[in-house]
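Protein chains in written order, with my numbering: chain D, 41 to 469; chain V, 180 to 435.
I should point out that these hints are in silico values taken from the structure, not numbers from a laboratory. Among the hints, erroneous ones may be present.
Here are the simulated distance ranges between beta carbons [what the hints assert, rightly or not]:
| no. | chain 1 | residue 1 | chain 2 | residue 2 | range |
| --- | --- | --- | --- | --- | --- |
| 1 | D | 163 | V | 378 | 50 to 58 Å |
| 2 | D | 148 | V | 320 | 46 to 54 Å |
| 3 | D | 197 | V | 383 | 48 to 56 Å |
| 4 | D | 168 | V | 351 | 53 to 61 Å |
| 5 | D | 245 | V | 411 | 15 to 23 Å |
| 6 | V | 352 | D | 131 | 39 to 47 Å |
| 7 | V | 283 | D | 384 | 57 to 65 Å |
| 8 | D | 191 | V | 379 | 18 to 26 Å |
| 9 | V | 374 | D | 163 | 33 to 41 Å |
| 10 | V | 343 | D | 47 | 26 to 34 Å |
Only some residues are given here: those of chain V computed to face chain D with a beta carbon under 10 Å [claimed, not checked]:
| no. | residue |
| --- | --- |
| 11 | 254 |
| 12 | 274 |
| 13 | 331 |
| 14 | 334 |
| 15 | 337 |
| 16 | 338 |
| 17 | 361 |
| 18 | 394 |
| 19 | 402 |
| 20 | 416 |
| 21 | 417 |
| 22 | 419 |
| 23 | 420 |
| 24 | 423 |
| 25 | 426 |
| 26 | 428 |
A virtual CB, placed ideally from N, CA and C, is assigned to each residue, including glycine.
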Amino acid sequence: MSMGARRTCPSCGNEFFGAMQFCPVCMLRKGLAGGVESGEASGSEDTVKLTTFEQVVPRFEHYELLMGQDGKPVELGRGAMGITYKAFDVDLHCPVTLKVIHERYLGDESARLRFLREARMAARLRHSNVASVLHLGRTGNSYFYAMEFVEGETLENLIKRSGRLEPKLALEIVAQVEAGLTAIQKQHLVHRDIKPSNIMVSLKEGKLESVKIIDLGLAKGVAEEDAISSLGSFIGTPEFASPEQFAGIGADIRSDLYSLGVTLWEMLAGKLPFQGSRVDLMDQHQHARPPSEQLKGIPAPIAALLEIVLAKDPNDRFQSPPQLQKALARVKEAIISKSRLSAKDLRSDDPAAVKGPKKYAFRWILASSICAAALVFGGLFFFGYRGSLSNQRDAGATPIEKALRYFPSKTSAQTKMTPTLPMASKTRF
Amino acid sequence: MERDLGPLAKGAASFHTTRWTIVMRAAQSQAPGSQSALAQLCRTYWYPLYMFARRRGYSPDDAQDLTQGFFLHLLEHRALAGVDRLKGKFRSFLLASFQNHLSDLVDRARRLKRGGDKEFVWLDAEEAEQRYRLEPVECLTAEKLFDARWAMTLLAEVLNRLHQKYATEGKTSTFEALNVFLDPVSSTTPPSYEEVANRLQVSTGAVKTLIYRLRKQYTTLFREEVGRTVSDPAEIDEEIHALCEALIASEGRLGP
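The shape of chain V in the complex, shown without the other chains:
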């Protein structure tokens, strides 16, 4: 079960591939490293929430404050102590909690600057607003937009991690030459194996092996990342299907 918190003491790095429910419970118990692990999880997926708030009609400043304030609320131990039944998808949990948070604020004082000088999750408001202006907000509901953007965020996170992994191993050029083969059918101009072999100074057989490894690593990282956002590994495929559905519903309107 998820009660084994043994590795938590090793710090945030231990949480990188850990399910969100475990991270949350660890944060509840104030385990070392859990706070930054939770902050890292929130940092990855904050933009869909910002976009949701904007789509709901909040101004850029308010949306920024609300998102930041929500994460502060979430990261405070006292707020987490009330969360006694953690299960399901992180995506659904986050959106439902955010919606509750918005309702609570409406009931209390709106436009209250949240968080003061504490900044657990760094939000680049300017970049967020630039991105938001490009979103097809008129075509989709806030919820659909949130889900589709979540899918794109997750995909970008996985590709980023894959890139970083190759960079750490000193294989940036290999990644750049081969990443088009992650989805060669959709790519407009996939190069031939021979072209890539010449570029990397290896045989075409070696290119195929490298592509095979790249795809395998992608799939592993992808499932790892989705696995962080569900409470049970058995839900990974279901979540992937749900994300596909969200993207299809956006009818290709969302950019990278």
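Next comes chain D alone, as it looks inside the complex:
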């Protein structure tokens, strides 16, 4: 067949073999869900509408929304600002995720600015563990932006399907989210909404292939004043929010690490550490100890890690994602070698702090004795009878429960925060 026999389709612009009656690409596209002719045809010339695929499938510039079996666009999620769809880039011929600003915000200038800021913020990030923004566009008075399409499912779905995740898998997921957070921190941003539904995971035959942070809808610059939301209002998802987020004061990357800690907890326990109304959640995240009984059977080094990431005071947490990364490596090492690893060990930068079973046993007994004595005397001195009750409770506790009881119930940071708690607004915006 001679090459000169090709024609260019006036409809889609693709070349096709000249002797063919139809453009095969157009013919294939007519088979898409949106290409099904709709409406009842009658014999009347005026009432028959011969709809075409191009007229039926919603299109945003060169992105076509993929249609589901019900003839509606395939929706991937709904956020505060917009709806995300699965779409197809007809120029590059690849699937994309398209986020379209919600209709109710079309005439809202501040919402429009927030949406644009979200897209621009996300576009600054280029990392294998963060979904990349590819394009920002406008159709009519509506805004949209295209992101890379991430294969897999949300971590939320995975947890729902699996109940509890294996500690090894949970730690691998945390390590990859941490890498994404490192990239976010390098751009001087805070995500502010790290949670399982904003983490995409891809598994192949039970093995982790990739993890990506999605939806930077609530991200902001660390030094940036949140002029769009009212000062002091709560921004985030209450179940995963850090104490400082509830306080409505400057959250930095340590706040994201706290949310990642709650996510890790949910992966391991199959449930959230704190539940209830928003007011309950605020109170629990700021004051309550996580329910250690949910972590029965989880390796103690992970409990020690959780103790740090879920510390109420940001100063008591890891100060950056790389610090968490180092700690993760030590936790894995301790689990493999069956060594003991306390939160104190993890806070120290010395990897030698991981102790072998024998050596540790001796130090643990010594340290425990000193701590117990200090607690008893301190407790008697400061709290009298309350202290003795606490010690009685510890007597029947598991090592993990004991470890988790070191979570501060109230911190200096909170003491500072409490007067500023403006919880009148508890919604995302």
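Could you slot chain V onto chain D? The hints should help.
Leaving out everything else, chain V in the frame of chain D:
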């Protein structure tokens, strides 16, 4: 789910619009009619595999033997029994299985005549070779050529089924007069509605209604056919997009 094999006993006709995974599982369980249904599915899509083998350097005789042998292998119950995780696209499954089959044969005895006198899938080798000689093999990899040819095969199958449907209803002349309107934009000389109305002895309003019905039937048959080749109806649109991509990559070099 796909476990409901109730209609299988009704014979091969029941499988005509059934997903390939169900046909395969039915063949595994030796349900009545499943074997011929699978053979029919393979018969429709054998040419892309033949072409793939030729593009890989096999001679016409070898390519024919390999394709025929592969289908025999696939259609044997024992071969299917090993397939415990059927999912995804039939196109991908078939190509991957064929590639494995080729590797296995290289490891064993090459040029072994497969199948003996058993012929589950009839292959017209002469026609295949004539078609292959016209393929733009030098421009595309074997895999790209396979995907693009698969898309063309599927399209041809749908148009053929549409034609047959009209013929069964005694409306061949209607189909021949109207099929150009399936894609009037790309057609070089689409007639006017009035011309078609005169030809069919109906009003122009009736012509529009007939075109509407033709397009609707085309879309329905098309989705039905693609639906046979994926394991989940939700994958139909994705597969159509993938086929479009394959055709675009062929840059219009493939003939009908």
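Hint check results:
1. Separated by about 57 Å at the C-beta atoms, residue 163 (chain D) and residue 378 (chain V) satisfy the suggested range of 50 to 58 Å.
2. The hinted window of 46 to 54 Å between residue 148 (chain D) and residue 320 (chain V) holds, with their beta carbons roughly 51 Å apart.
3. One distance hint, 48 to 56 Å for the beta-carbon pair residue 197 (chain D) and residue 383 (chain V), holds here, with the actual separation near 53 Å.
4. For residue 168 (chain D) paired with residue 351 (chain V), a C-beta distance near 57 Å keeps the hint of 53 to 61 Å intact.
5. At roughly 19 Å, the beta-carbon separation of residue 245 (chain D) and residue 411 (chain V) lies within the given 15 to 23 Å, and the hint holds.
6. At about 41 Å, the CB distance of residue 352 (chain V) to residue 131 (chain D) agrees with the hint of 39 to 47 Å.
7. Between residue 283 (chain V) and residue 384 (chain D) the beta carbon distance is about 59 Å. The supplied range of 57 to 65 Å therefore holds.
8. Our hint of 18 to 26 Å for residue 191 (chain D) and residue 379 (chain V) is violated, since their Cβ atoms are close to 49 Å apart.
9. Checked against the hint of 33 to 41 Å, the pair residue 374 (chain V) and residue 163 (chain D) fails, with Cβ atoms roughly 54 Å apart.
10. Remark: the range hint 26 to 34 Å for residue 343 (chain V) to residue 47 (chain D) is upheld by a beta-carbon distance near 28 Å.
11. This hint is violated: residue 254 (chain V) has a C-beta 28 Å from the nearest C-beta of chain D, more than the 10 Å allowed.
12. Evaluation of the residue 274 (chain V) hint against chain D yields a violated restraint, the C-beta minimum of about 19 Å exceeding 10 Å.
13. At a threshold of 10 Å, the smallest CB-CB gap from residue 331 (chain V) to chain D is about 6 Å, leaving the interface hint in force.
14. Because the closest C-beta pair between residue 334 (chain V) and chain D is about 6 Å apart, less than 10 Å, the hint holds.
15. Because the beta carbon of residue 337 (chain V) sits about 8 Å from the nearest beta carbon in chain D, less than 10 Å, this interface hint is met.
16. Look at residue 338 (chain V): its Cβ gets to within about 8 Å of chain D, closer than 10 Å, so that hint holds up.
17. Checking residue 361 (chain V) against chain D: minimum C-beta separation of about 6 Å stays under 10 Å; hint holds.
18. The beta carbon of residue 394 (chain V) comes within 5 Å of a beta carbon in chain D, closer than 10 Å, and the hint placing it at the interface holds.
19. Evaluation of the residue 402 (chain V) hint against chain D yields a held restraint, the C-beta minimum of about 6 Å falling below 10 Å.
20. The beta carbon of residue 416 (chain V) comes within 5 Å of a beta carbon in chain D, closer than 10 Å, and the hint placing it at the interface holds.
21. Interface restraint check: residue 417 (chain V) against chain D, minimum CB-CB distance 7 Å, threshold 10 Å, status holds.
22. Among the interface hints, the one on residue 419 (chain V) holds; its C-beta lies about 6 Å from the nearest C-beta in chain D, closer than the 10 Å criterion.
23. The beta carbon of residue 420 (chain V) comes within 5 Å of a beta carbon in chain D, closer than 10 Å, and the hint placing it at the interface holds.
24. Interface hint at residue 423 (chain V): satisfied, since its Cβ lies 5 Å from the closest Cβ of chain D, which is below the 10 Å cut-off.
25. Satisfaction of the interface hint for residue 426 (chain V) is found here, the shortest Cβ-Cβ separation to chain D being roughly 5 Å, below the 10 Å cut-off.
26. Residue-level restraint check for residue 428 (chain V) holds (minimum Cβ-Cβ distance to chain D is 8 Å; threshold 10 Å).
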